[in-house]
Amino acid sequence: DAKTTQPNSMESNEEEPVHLPCNHSTISGTDYIHWYRQLPSQGPEYVIHGLTSNVNNRMASLAIAEDRKSSTLILHRATLRDAAVYYCILRDMNRDDKIIFGKGTRLHILP
Amino acid sequence: NAGVTQTPKFQVLKTGQSMTLQCAQDMNHNSMYWYRQDPGMGLRLIYYSASEGTTDKGEVPNGYNVSRLNKREFSLRLESAAPSQTSVYFCATGRDVGPQHFGDGTRLSIL
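Residue numbers (my numbering), protein chains in the order written: chain X, 23 to 133; chain P, 959 to 1069.
I should point out that these hints are in silico values taken from the structure, not numbers from a laboratory. Cβ coordinates follow ideal geometry from the N, Cα and C atoms, glycine included. Treat the hints with caution; some may be incorrect.
Here are the simulated DSSO-like cross-link-like pairs (lysine-lysine), alpha carbons at most 27 Å apart as the crow flies [said to hold, decoys possible]:
id, chain 1, residue 1, chain 2, residue 2
1, P, K1015, P, K1029
2, P, K972, X, K91
3, P, K972, X, K25
4, X, K125, X, K91
5, P, K972, P, K1029
6, P, K972, P, K1015
7, P, K1029, X, K125
Stretch by stretch, here's where chain P covers chain X in the computed footprint (C-beta under 8 Å, at least three residues) [claimed, not checked]:
id, stretch
8, 33-42
9, 60-74
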């Protein structure tokens, strides 16, 4: 099964952009790249997802490498409320059981 | 709209007791999922249901049973609770490979 690799933790200053990397070198052609975040004592929250092209929404941007073996979640202007664990996961478009959350990246925002 | 509602929010059981965790959604999604999250870890899929009347095993199904009562409700049952099942349990819903929406979780302790 395709898996993802993320740094355990990252720090960023408030009001600066944050780039969260994710490696997925064994990604298959039918895998979507999803990002979720989990604030303390809450359930995960969807952030963004994509297949091949870069994606933007009100929360973040997703930059996908041309070979799809890596991706980067971009928070354009971090706030203290963005401090959370960020998960990069792969979802096979044909299989509902193939959903694997790793340990994610714990993002610390410095005021 | 409540989204995804989980009950109870907290529960303490003794080893060998049984209980059912309830999940209800008002998002009209076909797919529903049960995850567990151990301290400091990512989520692991227990069971999922792609549609009413169907259920399938995920990554860690042993010790659990599920029931998709109707489109709105998906319950998770522990027949004989064990301390290893102490965890936070999350229910989620989704449509195809789109975003999953999570409940607030049930914090379960087994003594």
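The hints, checked one at a time:
Proximity of P/K1015 to P/K1029 is assessed by CA-CA distance (about 18 Å); at most 27 Å being required, the pair is judged to hold. A C-alpha spacing of about 46 Å is found between P/K972 and X/K91, which places the hinted pair above 27 Å, so the restraint is violated. Pair hint P/K972 plus X/K25 does not hold up; C-alpha atoms about 36 Å apart against a cutoff of 27 Å. About 19 Å separates the Cα atoms of X/K125 and X/K91, which keeps this hinted pair within 27 Å; it holds.
About 32 Å separates the Cα atoms of P/K972 and P/K1029, which puts this hinted pair outside 27 Å; it is violated. Taken as a hint, the P/K972 and P/K1015 pair is honoured in the structure, with Cα atoms around 26 Å apart against an allowance of 27 Å. With a C-alpha separation of about 31 Å, the suggested pairing of P/K1029 with X/K125 is violated against the 27 Å cut-off. By the rule of at least three residues with a Cβ nearer than 8 Å to a Cβ of chain P, the coverage given for the stretch 33-42 of chain X is violated, with 0 such residues.
Counting residues of the stretch 60-74 of chain X whose beta-carbon sits less than 8 Å from any beta-carbon of chain P gives 6, enough to reach three: the coverage restraint holds.
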